[in-house]
Amino acid sequence: MAKRCHPYIPNSQLQTKKEMMLEIGIKSIDELYADIPEKYFLKKPLDVPKGSTELEVKRHIEALLSKNKACADMPIFLGAGCWPHYVPAVVREIVQRSEFLTSYTPYQAEVSQGMLQALFEYQSMICELTAMDVANCSMYDWASALGEAARMASRITRRAEILVPKITHPERRATLQVYAEPAGVNVKEVEYDRETGQLNLNDLENKISKETAAVYVENPSYLGFIEAQVDEISRIAHAHGALFVVGVDPTSLGVLKPPGEYGADIVVGEGQPLGNPMNYGGPLLGIFACRDDPNMIRQMPGRIIGLTTTVDGGRQGFCMALQTREQHIRREKATSNICSNEALCAVAAAVYLALLGPEGLRELGETIMYKANYAMRLLSKIDGLKAPVFKAPHFKEFTVNFEDAGLRVSEVHDALLQRGIHGGKDVSKEFPELGETALYCVTEIHAESEIRLLAEALAEVVSAGRRRHV
Amino acid sequence: MFRQSSWDEPVIFTLGRPGRRGHILPEVEETVKEVVGDLGGLIPENMRRKNPPKLPELSEPEVVRHFIRLSEMNYGVDSGLYPLGSCTMKYNPKINEELADSPKLGMLHPYQDERTVQGVLEILYRLERWLAEITGMAEVCLQPAAGAHGEFLGALLMRAYHNHNGELSQRRDMLIPDSAHGTNPASAAMAGFNVVVIPTGEDGCVDVEALKAAVSEKTAGLMLTNPNTLGIFEKNIDEIAKIVHEAGGLLYYDGANLNPILCKVRPGDMGFDIVHINIHKTFGTPHGGGGPGAGPVGVKEELAKFLPVPRIVFDGKRYRLDYERPHSIGKIRSFYGNVAVLLKAYIYILSLGFEGLREVAEVSVLNANYVLHKLRGVEGLTLPYGEKTPRKHECVFSAKPLKTKTGVSALNIAKRLLDYGVHAPTIYFPLIVEEALMIEPTETFEKEELDRFVEAVRKICSEAQTSPEKVLKAPYNTAVQRLNEVKASHPQNMTLSWRMHLKKRAATNP
Numbered sequence: 001m002a003k004r005c006h007p008y009i010p011n012s013q014l015q016t017k018k019e020m021m022l023e024i025g026i027k028s029i030d031e032l033y034a035d036i037p038e039k040y041f042l043k044k045p046l047d048v049p050k051g052s053t054e055l056e057v058k059r060h061i062e063a064l065l066s067k068n069k070a071c072a073d074m075p076i077f078l079g080a081g082c083w084p085h086y087v088p089a090v091v092r093e094i095v096q097r098s099e100f101l102t103s104y105t106p107y108q109a110e111v112s113q114g115m116l117q118a119l120f121e122y123q124s125m126i127c128e129l130t131a132m133d134v135a136n137c138s139m140y141d142w143a144s145a146l147g148e149a150a151r152m153a154s155r156i157t158r159r160a161e162i163l164v165p166k167i168t169h170p171e172r173r174a175t176l177q178v179y180a181e182p183a184g185v186n187v188k189e190v191e192y193d194r195e196t197g198q199l200n201l202n203d204l205e206n207k208i209s210k211e212t213a214a215v216y217v218e219n220p221s222y223l224g225f226i227e228a229q230v231d232e233i234s235r236i237a238h239a240h241g242a243l244f245v246v247g248v249d250p251t252s253l254g255v256l257k258p259p260g261e262y263g264a265d266i267v268v269g270e271g272q273p274l275g276n277p278m279n280y281g282g283p284l285l286g287i288f289a290c291r292d293d294p295n296m297i298r299q300m301p302g303r304i305i306g307l308t309t310t311v312d313g314g315r316q317g318f319c320m321a322l323q324t325r326e327q328h329i330r331r332e333k334a335t336s337n338i339c340s341n342e343a344l345c346a347v348a349a350a351v352y353l354a355l356l357g358p359e360g361l362r363e364l365g366e367t368i369m370y371k372a373n374y375a376m377r378l379l380s381k382i383d384g385l386k387a388p389v390f391k392a393p394h395f396k397e398f399t400v401n402f403e404d405a406g407l408r409v410s411e412v413h414d415a416l417l418q419r420g421i422h423g424g425k426d427v428s429k430e431f432p433e434l435g436e437t438a439l440y441c442v443t444e445i446h447a448e449s450e451i452r453l454l455a456e457a458l459a460e461v462v463s464a465g466r467r468r469h470v
Numbered sequence: 001m002f003r004q005s006s007w008d009e010p011v012i013f014t015l016g017r018p019g020r021r022g023h024i025l026p027e028v029e030e031t032v033k034e035v036v037g038d039l040g041g042l043i044p045e046n047m048r049r050k051n052p053p054k055l056p057e058l059s060e061p062e063v064v065r066h067f068i069r070l071s072e073m074n075y076g077v078d079s080g081l082y083p084l085g086s087c088t089m090k091y092n093p094k095i096n097e098e099l100a101d102s103p104k105l106g107m108l109h110p111y112q113d114e115r116t117v118q119g120v121l122e123i124l125y126r127l128e129r130w131l132a133e134i135t136g137m138a139e140v141c142l143q144p145a146a147g148a149h150g151e152f153l154g155a156l157l158m159r160a161y162h163n164h165n166g167e168l169s170q171r172r173d174m175l176i177p178d179s180a181h182g183t184n185p186a187s188a189a190m191a192g193f194n195v196v197v198i199p200t201g202e203d204g205c206v207d208v209e210a211l212k213a214a215v216s217e218k219t220a221g222l223m224l225t226n227p228n229t230l231g232i233f234e235k236n237i238d239e240i241a242k243i244v245h246e247a248g249g250l251l252y253y254d255g256a257n258l259n260p261i262l263c264k265v266r267p268g269d270m271g272f273d274i275v276h277i278n279i280h281k282t283f284g285t286p287h288g289g290g291g292p293g294a295g296p297v298g299v300k301e302e303l304a305k306f307l308p309v310p311r312i313v314f315d316g317k318r319y320r321l322d323y324e325r326p327h328s329i330g331k332i333r334s335f336y337g338n339v340a341v342l343l344k345a346y347i348y349i350l351s352l353g354f355e356g357l358r359e360v361a362e363v364s365v366l367n368a369n370y371v372l373h374k375l376r377g378v379e380g381l382t383l384p385y386g387e388k389t390p391r392k393h394e395c396v397f398s399a400k401p402l403k404t405k406t407g408v409s410a411l412n413i414a415k416r417l418l419d420y421g422v423h424a425p426t427i428y429f430p431l432i433v434e435e436a437l438m439i440e441p442t443e444t445f446e447k448e449e450l451d452r453f454v455e456a457v458r459k460i461c462s463e464a465q466t467s468p469e470k471v472l473k474a475p476y477n478t479a480v481q482r483l484n485e486v487k488a489s490h491p492q493n494m495t496l497s498w499r500m501h502l503k504k505r506a507a508t509n510p
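Protein chains in written order, with this note's numbering: chain S, 1 to 470; chain F, 1 to 510.
Everything labelled a hint here was simulated from the structure, so no lab data went into it.
Treat each hint with caution, since some may be false.
Over the 12 angstroms line for every Cβ pair with chain S, so calculated as not near, a few chain F residues [what the hints assert, rightly or not]:
#, residue
1, 167
2, 209
3, 214
With a straight-line Cα cutoff of 25 angstroms, these simulated BS3-like cross-link-like pairs (lysine-lysine) come out [to be verified]:
#, chain 1, residue 1, chain 2, residue 2
4, F, 473, F, 400
5, F, 470, S, 18
6, S, 17, F, 388
7, F, 447, S, 27
8, S, 18, F, 447
9, F, 388, S, 3
10, F, 459, F, 447
11, S, 18, F, 374
12, S, 429, F, 305
13, F, 473, S, 17
14, F, 400, F, 374
15, F, 264, S, 44
Source: prediction; values computed, not measured.
Idealized CB from N, CA, C, for every residue including glycine.
Assemble the whole structure, with the sequences as input and the hints as a guide.
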């Protein structure tokens, strides 16, 4: 069979190719590669696939993906920085609009008003959620947003240290380290209260100094509890001339006080739960917001969309603002190297927030709190389980300790998996002082029956373990 | 004639009415409420939200209509030619979107037991192998979220390498050609290096003598794009690699321009030690108006131990995530990468295969040279650097003569092109070309569409001679006319959120 023209490459059609070559004055496309030294050309085909038709590809991918067990196959109680939430059908419809999906960064504002306005609306909604004044149109994820926040705080204060709670997500902590180190910013940990998980304010007072550029807390914390001393932490940070940086899960902000109301200077967070599927951990959506302070805004990383008018002043419009902070203008003096970000995930978040509105967001927060607390109540009734470990209010995640049941988290996990349930994340290596502990997550997608199923399964596992040990 | 939709669509905060709902959640089960009791006691008083967020209140159809109208005021690669130089705006296959939308991926959690995610791990593992093969590197890390993120990782790997050799304190210079993408110097600076700029010679390639003079025991590495941003292949790459390596530096390949050499030649064979790949350029995943993309990084064997954790490993039976890498730099983000994007790249490679990818490269080069040929000699445009050198994926014209004679600049040409239903090329880049028009047609567009583009540019250049004022005021057919970008960034007018807008309005009309 003669070689077929590839569906994605119109000019691979032979006659077209010939006409174009004739026009250029070449006999073979090889002539266009003649300046590349001969020795570099591949001598044999690479070990990559041979090419497949759409139908073949579909079969292949569906077979591969069917090897995964996802939320529809078993209840999954994992969170820890990527959370299962329901994504309304409207969100998918909008982000699949090819005018949005297949556009580039809106450099040509006049043909990109749709994306620019949607991103401006995203920024504005993030400001409302967090009670901050300015948000950028996204970072890669919470972890990299935290890294950028530390660098920004250091540039603003001309200080070189950030204090973070010992209970911080280890991956965020590791990312922060990698971002901070080349900028000469040191990361120091602040102890927590063993009873409540709350930040140890004495330790904070001891460690904060004239070197401290920022104090960081997460709310809700990595281990799910609410950090309630935020007013005091904010006061301490500011009294020492440091900035107060707060990391958030935005699904909590329908019920929890927003960081802008307790003195936050920079807010970071993970926007994935706002209308973005988990996708095995990416793409995510880094939230980044700050106060309306020119010194801060000038130091912000990332794209920011601004409101403007047409040149004749006749009509409102949108364009990228403050580009002189960015790499394509400022090069090595830019506030960050970020270029492509997570714009379409931000659009998803804007659509999601527009659908939910203030009432929906409150409903979401309350539903999550009801269900997480329900799970904690059921689990803590099981003899030998402690849920949560910390005496503090929790939002959607909580710790479960198996020490008194004489069980290891890994054993519990295996036993649950056999029963068709995926338990929480093992955090006993991350925080050895907590013993055999796992981090469980419950959201609005978990039905009461699934939570009950988890509790019943755990009760069985514990009693089976006890029989074994007796 | 092209006319973009021009809805007078208000900012969403001014739409809707209190009490309208676009989405409602299932009622919490009575059993749950009974067991938990009143929620009020569960949040400490000082942590309760007292003022609800001022989000819009809209019904579902209103939300849909608002965003559909916005989408109609946006131009994508499915709308028409999008010849943004160095951005490789190619077709994004629909089957990739359909398959990546699977709940078998969407509802998969990154911390799931490895036994339950073998399918996705297999995809990622194989993709790493294919990308390593295509770039000629030993190992590939899929984690970076974008090209610049990959560059940052690359620069951090150089840091780790020199640190491992006890030379980090001495090797502070990152050499970067003056034609480089802005992300290169920004990434190098973020990783703590000093940027040393290497000039471009008259042939449009790195000035080798200047490079020789710049390298020293302080050299950390050279970041190079090949073909470069003029669309010209760095023909002295052999010598360049030798110079950098002999000085003890590493050679970094900016993969933004990988498309024209796919399955023809490989960065690894040219001596590059580190490579990043822009998945959303070369491997056909949509750019989404500014992401999500993906920027995998490939390295030679001796750098593999520094890659971020976890690494995906395969023992012949099972795939697993390996965190036991004592030399790893750590993490540059959470989890394993933009998996949904990476899946689409996997499908793209599967669909095209070796021959197809080579065809992509060759046709992208044919298209770029075709456009170059057709625009050569248009009055007002010149082709700086290497007049006779064939371009690869893109060509860069200068509109300086046109501007001098008529006042019509590259920016004006760009804006006027929008009126023809064509996206503008990249303008004012690379910085070494004055009034630059950087055109990358990619393999996606048929000859007829390229001809229309060429015709539009010709018409605009001729219009500039006869009625320049017409061009200067363009565009006319877009959703809005020329926007005031200066105003958007002026401290007095700067309005970066709806909340700032309301504050400003209240201040002017108390």
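Hints and how they fare:
1. 167: Non-interface label stands for residue 167 of chain F: nearest chain S Cβ at 16 angstroms, farther than 12 angstroms.
2. 209: Nearest chain S Cβ is 19 angstroms from residue 209 of chain F, so the label holds.
3. 214: Given that every Cβ of chain S is farther than 12 angstroms from that of residue 214 of chain F, nearest at about 16 angstroms, it holds.
4. F:473 <-> F:400: Holds, because 19 angstroms separates the two Cα atoms, which is no more than 25 angstroms.
5. F:470 <-> S:18: 38 angstroms, violated
6. S:17 <-> F:388: 21 angstroms, holds
7. F:447 <-> S:27: 18 angstroms, holds
8. S:18 <-> F:447: Holds: residue 18 of chain S and residue 447 of chain F sit about 11 angstroms apart, inside 25 angstroms.
9. F:388 <-> S:3: 32 angstroms, violated
10. F:459 <-> F:447: Within the cut-off at roughly 18 angstroms; holds.
11. S:18 <-> F:374: 16 angstroms, holds
12. S:429 <-> F:305: 23 angstroms, holds
13. F:473 <-> S:17: 38 angstroms, violated
14. F:400 <-> F:374: Measuring from Cα to Cα gives roughly 19 angstroms; hence the hint holds.
15. F:264 <-> S:44: 10 angstroms, holds
In this structure, the hints that do not hold are numbers 5, 9, 13, in rising order.
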